[in-house]
Amino acid sequence: MVSLKVYIITRLLMTIPMILILLTLVFFIMRILPGDPVLAIVGMKASPEQIERIRHELGLDKDWLHQYIDYITMVFSGNLGNSMIWGRRPVINEIWDRFPATLELSIGGFIVSVILGLLTGVFSSIKQGTKTDVGLRLFSIIAYSLFIPLLGMIFQLIFGVYLRLFPVAGRKSPLISITWYTGLYTIDSLLSGSILGFFDAIWHLILPSLTLGIVLSGVYTRLVRSSMLDVLAEDFIRALRARGIPENSVLFKHALKNAFIPILTMMGLQFALLLAGAVLTETTFSWPGVGTFLMERIEYRDYTTVQGTIVFYAFLVALVSLIVDIIYAYIDPRIRY
Amino acid sequence: MFYILELEKLKFYYFKYTKKVINMNRKALSRTMVIIIAVIIILVAVGAFFAYKQMQEAAAAKKVIIIGTTDKVTDLDPASAYDFFTWEVLSNVGEGFFKYEPETLELKPALAESYEVQEGGKVWILRLRKGLKFRDGTELTAEVVKWSIERVARLEGDPSWFVLDFVDKVEVVDKYTVKITLQAPVAFFKAVLAVPTYFPVSPNSYSADKFDPDNTAGGIGPYYIESFVRDQEMVLKANPNYYGEKPKTETIIIKFYKDATALRLALESGEIDIAWRTLNPSDIIDLKNKGTYNIVEGQGAFIRYIVLNTNMEPLNNKLVRQALAAALDREKICEDVFLGTMSPLYSLVPAGMWSHIDAFKEKYGEGPNLDMARSLLQQAGYSETNKLKLELWYTPSHYGSTEADVAAAIKESWEATGMIEVTIKSAEWTTYIDLTRNKGLQITLYGWYPDYIDPDNFLFPFLHTGSNRWLGNPYSDPEMDKWLEDAQVAIDKSTRTTLYEKVQRKLADDAPIIPIFQGKLYLVMKPGIKGAVIDPYMLLRYWLLYKE
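Protein chains in written order, with my numbering: chain V, 1 to 337; chain S, 1 to 548.
Derived from the structure by calculation, the hints contain no laboratory data. Ideal Cβ placement from N, Cα and C applies to all residues, glycine included. One thing to keep in mind: the hints can contain errors.
If you only want the chain S side, here are some residues facing chain V, beta carbon under 7 Å, derived [claimed, not checked]:
1. Y52
2. T74
3. I433
Cut-off 27 Å, straight-line C-alpha distance, at most; resulting in silico cross-link-like pairs (BS3-like, lysine-lysine) [stated by the list, open to error]:
4. S:K439 - S:K108
5. S:K318 - S:K411
6. S:K146 - V:K62
7. S:K255 - S:K547
8. V:K62 - S:K439
9. S:K53 - S:K99
Between the sequences and the hints, there should be enough to build the whole structure, so can you do that?
Set out below in structure tokens:
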């Protein structure tokens, strides 16, 4: 237990140099990119004096080294700064307006991809060499190669436009009122006492989650299959079967658990990637998440917002990675810290 | 011994039996769990479906209209807001001293019930309507107006030039009378006063010394903002205290979409009542052909044009510029790229605006006039063996996804002379404007939405020496400058018209900028939605919308 605490603290401390390196890279890359952010901000009629004034206000008249030192000092004092455009809102507010949407979509897509991937992977491994196995492997390749906007649009057309079963875009219906607590509409609706809002939020999540989940499940299918085949070939599986342990138990309680380590690694990586914003899904379903937001701010050279968002994500990825490592220790008793 | 053996036997059978029972119970338990989970999932799904349907039916009620758009609201502070859609929202939740009569370009009194112009247009006296209040209860007085205008100047946001470029001082004459003294007489100052930058705001709701981009307090308008979630939706409710014409619909909801395809699908799925700004041209044509929807088409005042850098060879040669103007095939661009949803434009002043003349058509014909272009190029020393080489730049996303096609169509029309070779290059927006201003690009494509509805706004910023530095175009002509300056101060409209006609003809002759097309605006509505008005003002008046 003590060693696990030490491990967690060590990992969290290691996040600091990681963020510093990443931030430094992003800082200088943004400045190397062509394009003057002040010109992108000001209207066409801005005078040279106005442009210089804004440049000074944003600290962009200083040399890069001083800008860097000022920014690092600000970040490590807990302040991500203000956006450089459109009202100069605090970066943390900009992120927090959009991150919950990305989180909700990520969780939804993740759940679908894992369930679908696990089921198809396990069945494929059980039915190795059969038509079912071939079919499921083909499904995984097709799923993974699908272009998300295409799949999304097909779902929107069939289920939204023709059958009118699901909404085609957005996070909730217009007349639903949900008080913002966490930004996760499924949770906030319950906290607001709006059961209708909860159901409505769930319904809006289905198509985007299915779209994202189906495409991502392709990775899991093949990984689960390969991992399961390795484990199912082990002697202890033969021994379990010889003892008369039910097959479902052999597969899901013993084999899958042992096959889970590489799958867990993939899950951690995928989830961290999802949190960075599924840009294509967000665009297709007009999901107001961080992916499209970050793309827009890169285009406008909004240095502070881009840098701040990267810092936020670096920390989040480090946290997800740490959680995955702790789960390793839980499912594999051989792993101890 | 026997009893011990029997006891052991009993124990064995007991454990075997209980284990069997436990296993049976475990199986039964896990089966039960699976059934329970399945039932929960089905109940949630059914509940969610009915919730969604219920909301759809509620939205179909007459008191709600849902507008879908791919535009965004960036900044709700009139002192810093400077984009089209935010101005549209501000125009529905606030008001200025004057506002445009729908379907005309006539400015009628709004918050100012009367006004007077003195000293040849240098002094404007505005008499406010009495008893008007903001949402926070603050009364609209001359002090509040003075505070609001001075706040814009003090904060120096993007649109502050509307005040800084024109206004010398603002004074309070009495509780409801404001005196604005200009730096110099301005003929179109009434149009300037109608822009959202001049909308009064309450000093008790807006900060004096910083921008309030998230402030939903608004001004004094037919609606107020009940809620706003960035990039998702905005809910407007009818302002019960509005002095003027009451909105025809109680609630307007604006839903924001990321792209035109999602907007179209939302309309077809019934999620929105109106699709406004901006559907793809192909979607507009397709929806028109379906016959299910009502399409409202209006002549917009936004224009697209080609900028020729007169400081760079060979574009410093007037003959070359004239040849490019002659060879341009506007019809092809409007038909092939925009499927007829745009109109060819032959002046920087949009068609439909007073003083507009088809100056480029007068000089070069409807186009493409390849014979004239070839003749001009030959005079400039070019031929089929000695081709004119040009670099045409565009920006891929700022003006929509059709931009690459526009550039390709221009290239094609110029190369049809057989004497021009065009290389197309692109840069994304931030880099594009940086290169334009600071490095100088040979030929660029730009667009313009008017700040105020007056020919001055379509000519002065482009052609007056120094004012056009933002274009990277150093065009300068003393005669042009004089006409533009005189037109700014002339109060008489016919004098201004004459001057602007001269400007347009000289523009066509010198051709530093070549107009291409003028935008039409399209609004697609479900059947039964009425009241949509699209005019050169281009901002949708939500208070006129209603369901039959």
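Results of checking the hints against the structure:
1. Taking 7 Å as the C-beta contact cut-off toward chain V, the hint placing S:Y52 at the interface holds, the least distance being around 4 Å.
2. Given the 7 Å rule on beta carbons, the hint for S:T74 holds: about 4 Å separates it from the nearest Cβ of chain V.
3. At its closest, the beta carbon of S:I433 sits 5 Å from a beta carbon of chain V; the interface hint therefore holds under the 7 Å criterion.
4. Proximity of S:K439 to S:K108 is assessed by CA-CA distance (about 45 Å); at most 27 Å being required, the pair is judged violated.
5. As the CA atoms of S:K318 and S:K411 are separated by approximately 19 Å, the hinted pair is consistent with the 27 Å bound.
6. A distance of roughly 36 Å separates the Cα atoms of S:K146 and V:K62; the hinted pair therefore is violated under the 27 Å criterion.
7. For the hint linking S:K255 to S:K547, the alpha-carbon distance of about 18 Å falls within 27 Å, and the restraint holds.
8. At most 27 Å may separate the alpha-carbon atoms for a hinted pair to count; V:K62 and S:K439 meet this at roughly 22 Å.
9. Distance restraint check for S:K53 and S:K99: the Cα-Cα separation of roughly 40 Å exceeds the 27 Å cut-off, and the hinted pair is therefore not satisfied.
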